[in-house]
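Colleague: Spelled out, the chains give:
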Amino acid sequence: MVTLADYKGQKPAWCPGCGNFGILTAFKRAMFELGVEPHEFVIVSGIGQSGKFPHYTQCNTFNGLHGRTLPVATAIRLANHDMPVWAFAGDGDCYGEGGNHWIHAMQRNINVKLVVHDNQVYGLTKGQPSPTSMPGMKVTSLPTSVLTDALNPLPVAISMGCSFVARGFAGEVDQLAELFKETWNHKGFALLDIFQPCVTWNKLNTFEWYRQHCYRIEDSHDPSDFDRAFELSLEFGESIPTGVIYRNERRTYEERLPVLAGMPPVVRRNQEPMNLRQTVQEFY
Amino acid sequence: MDYTIKIGGAAGQGLQTIGTSLSKVFTRFGYHLFAYQDYESRVRGGHNFYQIRFSDRQVWCPRVPVDILIALDKETVPLHRGELAEDGLILYDSADIKEHYEGDNVIDVPFNQIALTEGGNKIMSNIAASGAVLGMLGMDAKLLEAVAEHAFAGKKDLIEPNKKVARAGHEFGSKNCPRCAFQPAPETGSKMSIEGNAAIALAAIASGCKFYAAYPMTPSTGILTFLAMHGERHGIVVEQAEDETSAINMVLGASYAGMRSMTGTSGGGFALMVEGLSLAGMTETPMVAVLGQRPGPATGLPTRTEQADLLFGLFAGHGEVPRIMFAPGTPEQAFKLVNKAFDLTEKYQVPAIILTDQHYADSEWSLDSIDLDEFKFHDYRVRGDAFKSLSEYKRHALTNDGVSPMAVPGDGPFTVVTDSDEHDEEGHLIEDAETRRKMVEKRYVKKLPNIQREIEPPLQYGSDKPEVLLVGWGSNYGVMREAVDSMSGDREIAMLHFSEIYPFPEEGRRGFLDVMNSTKTTICIENNVSGRFAQLLRMETGYKFERSIKKYDGRPFNLEELLEEIDGHLS
Chain A
1 MVTLADYKGQ
11 KPAWCPGCGN
21 FGILTAFKRA
31 MFELGVEPHE
41 FVIVSGIGQS
51 GKFPHYTQCN
61 TFNGLHGRTL
71 PVATAIRLAN
81 HDMPVWAFAG
91 DGDCYGEGGN
101 HWIHAMQRNI
111 NVKLVVHDNQ
121 VYGLTKGQPS
131 PTSMPGMKVT
141 SLPTSVLTDA
151 LNPLPVAISM
161 GCSFVARGFA
171 GEVDQLAELF
181 KETWNHKGFA
191 LLDIFQPCVT
201 WNKLNTFEWY
211 RQHCYRIEDS
221 HDPSDFDRAF
231 ELSLEFGESI
241 PTGVIYRNER
251 RTYEERLPVL
261 AGMPPVVRRN
271 QEPMNLRQTV
281 QEFY
Chain B
285 MDYTIKIGGA
295 AGQGLQTIGT
305 SLSKVFTRFG
315 YHLFAYQDYE
325 SRVRGGHNFY
335 QIRFSDRQVW
345 CPRVPVDILI
355 ALDKETVPLH
365 RGELAEDGLI
375 LYDSADIKEH
385 YEGDNVIDVP
395 FNQIALTEGG
405 NKIMSNIAAS
415 GAVLGMLGMD
425 AKLLEAVAEH
435 AFAGKKDLIE
445 PNKKVARAGH
455 EFGSKNCPRC
465 AFQPAPETGS
475 KMSIEGNAAI
485 ALAAIASGCK
495 FYAAYPMTPS
505 TGILTFLAMH
515 GERHGIVVEQ
525 AEDETSAINM
535 VLGASYAGMR
545 SMTGTSGGGF
555 ALMVEGLSLA
565 GMTETPMVAV
575 LGQRPGPATG
585 LPTRTEQADL
595 LFGLFAGHGE
605 VPRIMFAPGT
615 PEQAFKLVNK
625 AFDLTEKYQV
635 PAIILTDQHY
645 ADSEWSLDSI
655 DLDEFKFHDY
665 RVRGDAFKSL
675 SEYKRHALTN
685 DGVSPMAVPG
695 DGPFTVVTDS
705 DEHDEEGHLI
715 EDAETRRKMV
725 EKRYVKKLPN
735 IQREIEPPLQ
745 YGSDKPEVLL
755 VGWGSNYGVM
765 REAVDSMSGD
775 REIAMLHFSE
785 IYPFPEEGRR
795 GFLDVMNSTK
805 TTICIENNVS
815 GRFAQLLRME
825 TGYKFERSIK
835 KYDGRPFNLE
845 ELLEEIDGHL
855 S
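So the protein lines, in turn, are chains A and B.
Residue 1 is where the first sequence starts when you use this note's numbering, and the numbers rise one by one after that.
Residue 285 is where the second sequence starts when you use this note's numbering, and the numbers rise one by one after that.
These are computed hints drawn from the structure, not numbers from a lab.
Every residue gets a Cβ at the ideal spot worked out from N, C-alpha and C, and that includes glycine.
Honestly, I wouldn't trust all of these hints.
[What the hints assert, rightly or not] Ranges of calculated distance between the beta carbons of each label pair, as one might list FRET restraints:
| hint | chain 1 | residue 1 | chain 2 | residue 2 | range |
| --- | --- | --- | --- | --- | --- |
| 1 | B | Lys358 | A | Thr148 | 49 to 59 Å |
| 2 | A | Asn275 | B | His434 | 15 to 25 Å |
| 3 | A | Ile103 | B | Phe466 | 56 to 66 Å |
| 4 | B | Lys660 | A | Leu147 | 52 to 62 Å |
[Stated by the list, open to error] Residues from chain B that keep clear of chain A, each with C-beta distances beyond 12 Å, as calculated:
| hint | residue |
| --- | --- |
| 5 | Ile735 |
| 6 | Ser783 |
| 7 | Gly838 |
| 8 | Glu848 |
Next up, chain B with everything else stripped away, as it sits in the complex:
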């Protein structure tokens, strides 16, 4: 079983209501799920879609064949009819969209009428649609009723009408689908589902983040809103700054004061944060920044996806600023990497960047569970009695590994001094050549090899001795993995997925280069035009890709198109 439902409509029509209610039903039923959203930069109108793929085995990426297409506007059918699977169905309400479609795969469902008759309000038409889908799939309506109950908890008078509408929609769907041939897999244990941004926010909470400041910017705003809603419960201060320059400086202020701190933005906002990133480097103040990529340059396509800011993030900041950069491709990777980013930024006092993109940020995955014991928390700060008991303190003391003890100002009897100017061990500004040389070596030369030792090599998935090797990073994890699965019956194929982007692992852990060198066909897959990762890999290792697949139309890869592109390199 591997079905895809696509809901098309204008912004503000409730695609999200249908999408999230169905997603919840599927994951509670025990199905695996991958959902993603395609939306325009507007609050009302336009054409958007929400696509849910669900299966009894793990699914990782979007596919083209649509099994049920729900049309909430006139544009959906002409735009997406060509994507229908052989037995695919179109659902729409002719009275609502004032359009009539012919064909035995088209079902006219009176969403509005059902909502009015059963619930007394047109606004519940989305629940009628969700109910109809479940009816056609031959799934029970009870789970949808439970979802409605959960969604309207606290608004008791809305629960019963919504449940009635769900039941009526379900009944209509099960009775009026002569061609329905869906064979849903049996129910298993309830799963959870999580969006990319929420996974980052949750990982930050679970890593002891106590301060988040940001200025809203797609596609990272979801982290800000999640933390704003949940901050108080977890003792986190969440502040919307007046601009991104302020956001990153706030993060550094809170971190200096003794708390784990994070910000999030997209390319344009990150551009404003660059001077702050440099300041983090100079003052050795720990911080995590989420750089959620969207297509540029400038405002670009604000709600769409691209992977073009890898080198921007990596080289951002005047002067020589060491940094850590991770790019998760799934929620599980985000849990691990955000946690590791917090640990390493605190341990080495260099800034850490979490590089995502719109496709990762807005997609949703099912998970069996989250193992909270996997999150590591080690407090590297010198606090309270530990600070009081010191006999002297120098914020930037020269040490063998370049890392100086970081004390919490006010906790002990000594002052904590840091400076954006070059400074001495105490943190006071200096001009002399000897101190400058020592401080550069402390910040960069001494720390970097130790950080490199912490870095994991890329993940190899598929054949041990591949003749075809797909290389990619970040949000392309899922589509590459499914491409490997889909092709491995016919040939020896594998993928290398880079998520710990920078620094590169130390020399002894670069076996991936041998794999790349010994594979006949190695293809670099990226969502940008210039091959940002390919450039980085060549710079770091000298390896030059002969083949690449690049997509830069603002949309993510889907499985079918990637398979076709790979095929083009093999024939």
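Isolated chain A (complex conformation):
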């Protein structure tokens, strides 16, 4: 039986009070409560404070490059579609450097669970604006404050037909643990965008700010209602909804791909070359 202690990892090098601690606590609790062992899934992470996440728990880990979590995660699924795969990225990592991969992972509907630590700023590189930074925020890399409007990833995801779209807040650990479980249980590409206050560099979107602006979506919301979900996802100002916003039952890429569908994972099959003579014959 798995215990909570099995998920203890290295001592985090995050700033004291960082929103990431709430994410880590909620994740460990969720995996423990799901009864999953650390070697039974993979976390692919990128670069940034979020990229260090897998080292602070226990799991199969591919901590790759900035922006490149989703291609690695996609291919792990194609190699082994019995292996659950999480991708942990930051807002700059996923929506900035990796934007193209994000769009195409949603298009494929590969069964990868994407978690974005969305602190609306670049933390590890010390205070530059990220795609989700709000206008007026003071930053270190612009001659002015932020001039552009914040990218709101949720309506982008819903318009792409992303099969699971949710938003959490690192200050609401109980809700977040439940969201991790719902994300885990979803079949298809899932986006869990988590507001995660950066206590050092983001003086605008603080714990207090998120508490004032975020509200839980009422239980009566039906995530399969596309129109209502899209409307909810566009709420990104005075009030911001958290919870499961959208869900659909699209077939996954793994189910559509003939070489995988209804078969054991490729990595569990014989790895030796096969059926060569038939192909060689084509050259005569």
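Chain A is already provided as a structure; the job is to place chain B on it using the hints.
Modeller: This is chain B only, laid out in the frame that chain A set:
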């Protein structure tokens, strides 16, 4: 017997249909063959050609004299008339290209009319042309009919009309060629023929490659399309990535998950893959990348050939990343080297690059057969029960030879952890100096000498004690070899062909340097302007070439021009 047929026309006119049908006929008849294509970066129009050389002895490269020139457009004759052999013929359809040529070596063949009358559709005019060529050569039409049957298998209603058109074209060719003096050699056992890219794809399949991800880019797209068509049969996942950055990261993901994985691209796409190559080095994840060169910089000449990316491929990747680089010059070399690249990348967990170019990728060679037993497959991964039975596991464990056991995540009770940051034996990120030093030595210093021990020296062909030595690499194998054959009656000449480019073989296997130092005239032959290989050789061995032949117009060497260039160095 050594004949060359050149088919000139616009893109979309069916040069490929004529070219591939004739190639199939010749190889099934038992002839040796070398065919190559020259095309523009467009789907319709422009001027392209397809050139087939066939003989009763092995042929390796393009030659200039054209024996039969088939003109499907107005540009072919003015552009290529000067290449005609003394008894060479021009075939064209005056009604089709609305042009009339004079001369007793010009034959007006109504390709379209034959196709319409016999087959009921102009579209079969290409089969009429192929038939006419065989008629002029005095070869039987039956093989062409068999080829048509094979090509239209599954479309039964097309087989008979195509066979009729082939026969009618053949009859026209045999009756209307007063000057024909072709003397085809007798039929021997059927051969196979294979293009450069297909040889790489086939070798990947035969090496146990189970994952291929790529973004289309000439001249490597052929590998992607071949594997897309054949992947399912061989249990291979083939994925077109959204960009090359994604492609190489996918390859690393699939490899981490436990499968042999490969990607392919050209210089521009490889530029996007560079960060991924560095990641492969840091995470010690096996992978093979095909870098099919075309002329740069930037978009360059997208459909043409060059050998300018040797040092780019070799030095690509930030940090100190060990790597293996092979450059095959023939399909046989590709079989061996792609197989060896897969074996070494799995054995040493360093990335391997297969360096080709457009001339290699799009050329076609005849082969007697493929010996599938020559392909080696040894699984170095820790899988299933072997992983379950371990008492502990560290992905980057420090070992005497620098190679750590690579386990398949999920197969055993331990986690498999790797990181693009510097990491400890378990794969977790670190900052301390001592671990960093040990890991650098593990990845680079400990592995490199063992890899060097696996590397074969260059191939020496020709005289044992040459007074002239041609040195080259990759796709110039064929033209250098024929130059040696052609000149060896008059003088002591040899070639050194490098296909296992990097690392260089260990000290005890560098006898090639003695040959180079003791030869009076040594010439380095490359398709680039700055002498990329000459620079590498000097860097690795201190040897400095005094003479070189460089071609950088985007076209491959042909035999006659290379002979002339060599002659210039000897007079």
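Colleague: Tell me, in ascending order, the numbers of any earlier hints that this structure violates.
Modeller: none
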